[in-house]
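> In the working numbering, the protein residues as written are 1 to 47.
Just so you know, the hints here were simulated from the structure itself, not pulled from any lab data. All values derive from a computational prediction rather than experimental measurement. Every residue gets a Cβ at the ideal spot worked out from N, C-alpha and C, and that includes glycine. Accuracy of the hints is not assured; some may be wrong.
Claimed, not checked - Label pairs and their calculated CB-CB ranges:
| hint | residue 1 | residue 2 | range |
| --- | --- | --- | --- |
| 1 | Val14 | Leu40 | 29 to 37 Å |
| 2 | Arg2 | Glu23 | 17 to 25 Å |
| 3 | Thr24 | Arg2 | 26 to 34 Å |
| 4 | Arg46 | Ala11 | 30 to 38 Å |
| 5 | Ile41 | Ala18 | 19 to 27 Å |
| 6 | Tyr45 | Met13 | 18 to 26 Å |
| 7 | Glu42 | Ala17 | 18 to 26 Å |
| 8 | Ala22 | Arg46 | 32 to 40 Å |
| 9 | Leu10 | Leu43 | 15 to 23 Å |
| 10 | Leu29 | Thr7 | 14 to 22 Å |
| 11 | Arg46 | Val21 | 18 to 26 Å |
| 12 | Tyr45 | Val21 | 29 to 37 Å |
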Amino acid sequence: MRRLFRTLLLAAMVLVAAGFVAETRWLLLTGAWVLIAALLIELVYRP
């Protein structure tokens, strides 16, 4: 689960950065949802 969390966190950072550079809202929103998913996984599967 730790690897999945880190992968989702990295994907969220890339999507948000790409959204800022390209100035597209859908990339920013997708990055935000991926970040939320990563945090929820971390909260649910915390040992």
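> Which of the listed hints are broken here?
Checked against the structure, the hints that fail are numbers 1, 2, 4 and 11, while the rest are satisfied.
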